[in-house]
Amino acid sequence: MRFIYLCSASMQAAGAGVPYRPARFLATLAGDSTSIFAPQATSAHTIFGLSLLVLAITTAIFLAVGGLLLYAIIRFRQRPNDTGEPRQIYGSNQIEVLWTVIPVLILVVLFLATMRVISETEHAHKPADALDVVVLGHQYWWEYRYPKLGIVTANELHIPVSDLRSSHPTYMTMSSVDTDHSFWVPRLAGKMDLIPNKTNVMWMDPQAAGLYLGQCAQYCGTEHAMMLIRVYVDTPEKFAQWVKEQQKPAVDDPKVAAGKEVFLRTACVNCHTVNGTAAQGRFGPDLTHFASRETLASGIVPNNVENLRKWIADPDSMKPGSLMPKMNLTSHELDQVTAYMASLR
Amino acid sequence: MTTQAEALRATADEWRLPDKGKVGMACLIVAESAIFIIFVIAYLYYLGKSLSGPTPAQVLSVPVFGTICLLSSSITVHFAVTTLEKNKTALSNLWLALTVLLGGIFMVSTAMEWHELIYEHGLTIQTNLFGTTYYSLVGLHASHVLVGLILLSAVLVFGLAGKLDHHHARRLDVLSYYWHFVDAVWIVVFTVVYVLGR
Amino acid sequence: MNSNGTAVMESNQAPKKLWLDHVQEWLTTVDHKRIGLMYIGYALVFLIIAGLEAVLMRIQLAVPDNHFISPQVFNRMFTMHGTTMVFFVGMPILFGFGNYLVPLMIGARDMAFPRLNAFSFWISAFGGLLLYFSFLGGSGLYGAGSAPDVGWFAYAPLTSKIFSQGHSTDYWTLSIMLSGIGSVGTALNLIVTVITMRCKGMTMARIPLLCWLYVVTSWLTFLALGPLTAAQIMLCLDRFAGSHFFDVQAGGSAVLWMHFFWIFGHPEVYVLVLPAFAFANEIIPVFSRKPIFGYAAMVGASVLIGFISLGVWAHHMFTVGLGPAGNAFFTLSTMIVSVPTGIKIFNWMATMWGGKIRFATPMIFSLGFLFQFLIAGLTGVMLSVAPFDWQLGNSYFVVAHFHFVLVGAILYMIFAAFYYWYPKMFGRMLSETLGKWHFWLFTIGFHVTFDTMHIPGLLGMPRRVYTYPVDRGWGTLNMIETIGVVFQAVALLIFVWNMIDSYRKGKEAGPDPWDAWTLEWATSSPPPHYNFAVDPVVHSRRPLWDLKHPEQPDTHFE
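Residue numbers (the working numbering), protein chains in the order written: chain A, -11 to 333; chain B, 50 to 247; chain C, 105 to 662.
Derived by calculation from the structure, the hints in this document are not laboratory data.
Do not take every clue at face value.
[Unchecked claim] Not everything, but these chain C residues come out facing chain B in the computed CB check (under 7 angstroms):
1. Val296
2. Gln336
3. Met486
4. Pro630
5. Pro631
6. Pro632
[Said to hold, decoys possible] Straight line, CA to CA, 30 angstroms or less: simulated DSBU-like cross-link-like pairs of lysine-lysine:
7. Lys265(C) x Lys314(A)
8. Lys186(A) x Lys304(C)
9. Lys304(C) x Lys71(B)
[Stated by the list, open to error] Here are the simulated distance ranges between beta carbons:
10. Trp601(C) x Leu199(A): 50 to 60 angstroms
11. Val149(C) x Ala139(B): 47 to 57 angstroms
12. Ala233(B) x Thr47(A): 43 to 53 angstroms
13. Asp555(C) x Gly264(A): 40 to 50 angstroms
14. Val244(B) x Phe344(C): 22 to 32 angstroms
15. Ala118(A) x Ala233(B): 26 to 36 angstroms
Values in this document were obtained by computation on a predicted structure and should not be read as measured data.
Just so it is clear, CB atoms sit at the ideal spot from N, CA and C, and this is done for glycine as well.
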């Protein structure tokens, strides 16, 4: 047991700090964006450590068995003038026992190491000051609710950074309102499915601030491929600032009153919420602080005026099969409502 | 050489293999059981999980008479086989007819039960999870009873037309295995739905 | 001409058959050999079609943000590709070989229930046609629908009427249900045939290992297809009768569908792989010139695999939230099933050890199988580690793993089986030269595509995505994977050409071109309708070895 613990502990250290060459090479192939070999949170680290053990064992088995196979092919090939049959051998009970017992022993080691990681991850003690986020999967966007902070947002998840001295894990309670989805940000944790009528829990404690990418990993319909995830890991100060901004009511800029009026009288309000207005729809993302997000349509394009206008005019042109219909607005109305949306910081 | 040939012939004479029909029916029973087990699992899983509507305890009444009829029909079909083996065709026809009758009574009793459930208690397959799992499980069983009744009736028709004798006993035996299977499934369904489920 | 001026037929000339007579013969045949060939031919046609679906997907994925096909079409492609390959290529081709070979190998005249055999083929064939009819007929009332697009495992509630409008999902459900009836029928036939129609002297301990493996496969078929049929009946009831099996609004469970589907789905992949093992058990000994090492152990391992594979299904559900106990149990059971599987690999190697290996085309495909199945099994062990699966489940790592099994192992053994038994079926040898071109081109393409495919999975690429963003860094890898497809496609064309060309011009095979040892080689090539003029009598596992080597027959040793 101690041996296994030491193995995976040293693998963890290797992952956290010391560059482990082949894995890091693979990570650099992707610019570190979504590689499981560039972990930045405890859960991803423990899985990384276990995966190195697994890779080591399976590589060793491959080299041994593959090597023997190659040797057999070469050594026992029929030579040109050699007719006649070789000695007929029917079997050997001792050998059968040998190559049953050895694999079993190897698997025992592997299983025990696996048990430890399952236990560590799924039985982790939840600290009292953990951040609670409710994640709801939709076709094809992510709803994030912070119940204790009174915040509802979409598609861009902001969580505080943890480090070894002060851990601030985020506990996510997850479900879906329609089909099955799966939340996967490889550098932070393994994936967890979002299933309607079922609640799953996972936690993340990212150790470095920054932006972490992921996407939906369970086929959920036409635009499954475009249900991208952006996790912004903020320093404690930045996170507190973000929370304050999000808790404010919607910006009500008189310069874009015309756009606000277009928004309120069109069908937009059936699906979207803007706090402090009559728009309280729940089918689509909450737009109260829409302009504070860097991307739109669940991470697929930057959130600028040009993309926004195009999206409102015809969502299918950017995400065919998304569930937001064309609003059939005039060009003038489009400009107005775009300006209003862009004001909702 | 002669002793070798004799030895060969000796082994050849003792070469007996199981009956095709029985092994085939056993395989069919295994495959059908796999389907039934899944419906039973769904029934048990969804017990108590309906969000609305009538519960089993409120609307189910134990179909004692139908069950007795169905289970007795296993006995009658067994006698149909044994009498046919002894070439007592008239008696065999009688036992067969009794089997079909008892099976038919079971189907009628199920139909009456469903009529009451639908029209008096308002329980359909759409009502709630209980309705869904109940009608599908009992209905799947009833459809298997129906197929069995059709086959048994066909044999009865042949029997009444005087076309059966002891050569056909083996095939009737295979059919009777199917019928015993249908009865065994009913014991499981009965226990799950009317005993455990209420 | 006789004196009346009417033509007189020569007494030794049979009347010429019209092509309609040929068609009628094949449509109404109950001969296991012809039914076997129909299964195989049917599967080859669908192999090409499903292969084209894969080509379309790979072109779409070759570069990021591609618009070669729309997301709707792509989603139909991966659904149809998976469904076709499993149900209308894999199952028919493997049951086709079983149909052809099993009665011959046990010295029987035909299968136990020849009419059931024909029925099973035709209902499966109809299922395949029904599935493809969906391209035309799936529109339904809303003009929605076409071919199914819910993935080959059709998770609920995506398959409910709300999320899948039109009839595309119904085509999926019904066509597979029909194919399932055919599979159960054939499995029933196989088991009854092996148990009740063996020739004299052939105890169960003397049947060829291929027959043992088909018995285990058939056993698994019964236990696997039942749950699938049940789940599909439930889905149909939900979609048509308004029931609530998987209706989450009424308290139904999406996870229940997953359990039922994978209780089918995992044994199903063993149903696909065990016949591949069956072929290896016949081919590797003949081309190593030694009997299979450890016949009893191989039987035991196969039976064990049959049982254990029924208990591993939720390793497809590690990310669903089974809880630590569930995750641990299925990790353990999945690891355990790798033990008898490994034993088989070791036994094959031991068969070759000390032998005189001949590198004919069946054998080189078998060697490819051994290496690739080893890798596939090892990536499977990796995935059995639940936390590793939390990262890599539903990613391209899994897609690479199962293509290593399905293509690298199973398809390779199917190729080997073709090259080995084509001479028996058609009386002609396939070209060895073309066979080697087929092997090398396909192997290069296979490794270029599927070795590479593991990497995007490790780098975070999920499956079933019709495209991916530029900034993920997956573009180059996907392009490499697409390039590999070209080699595989060319190799397949060479293979098809080989079969067509050799039918007329191949070297005549004779009854036993490979100097093999089981009963199918004791009759002519192709065998007559009745298989054997005189019922064989056997005394060991290798009756022809005993005849060819009377100084050291098998009967002296086992």
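Cross-check of the supplied hints:
1. Val296: holds, 5 angstroms
2. Gln336: violated, 10 angstroms
3. Met486: violated, 31 angstroms
4. Pro630: violated, 26 angstroms
5. Pro631: The hint is violated - Pro631(C) has no Cβ within 7 angstroms of chain B, the shortest such distance being about 22 angstroms.
6. Pro632: violated, 23 angstroms
7. Lys265(C) x Lys314(A): Within the cut-off at roughly 24 angstroms; holds.
8. Lys186(A) x Lys304(C): Violated: Lys186(A) and Lys304(C) sit about 59 angstroms apart, past 30 angstroms.
9. Lys304(C) x Lys71(B): Cα-Cα ~20 angstroms, so holds.
10. Trp601(C) x Leu199(A): 50 to 60 angstroms: The hint (50 to 60 angstroms, Cβ to Cβ) holds, given that Trp601(C) and Leu199(A) are roughly 53 angstroms apart.
11. Val149(C) x Ala139(B): 47 to 57 angstroms: Check passed, 56 angstroms falls within 47 to 57 angstroms.
12. Ala233(B) x Thr47(A): 43 to 53 angstroms: 52 angstroms Cβ-Cβ, so the 43 to 53 angstroms window holds.
13. Asp555(C) x Gly264(A): 40 to 50 angstroms: violated, 56 angstroms
14. Val244(B) x Phe344(C): 22 to 32 angstroms: Once the Cβ atoms are compared, 31 angstroms apart, the range 22 to 32 angstroms for Phe344(C) and Val244(B) holds.
15. Ala118(A) x Ala233(B): 26 to 36 angstroms: violated, 54 angstroms
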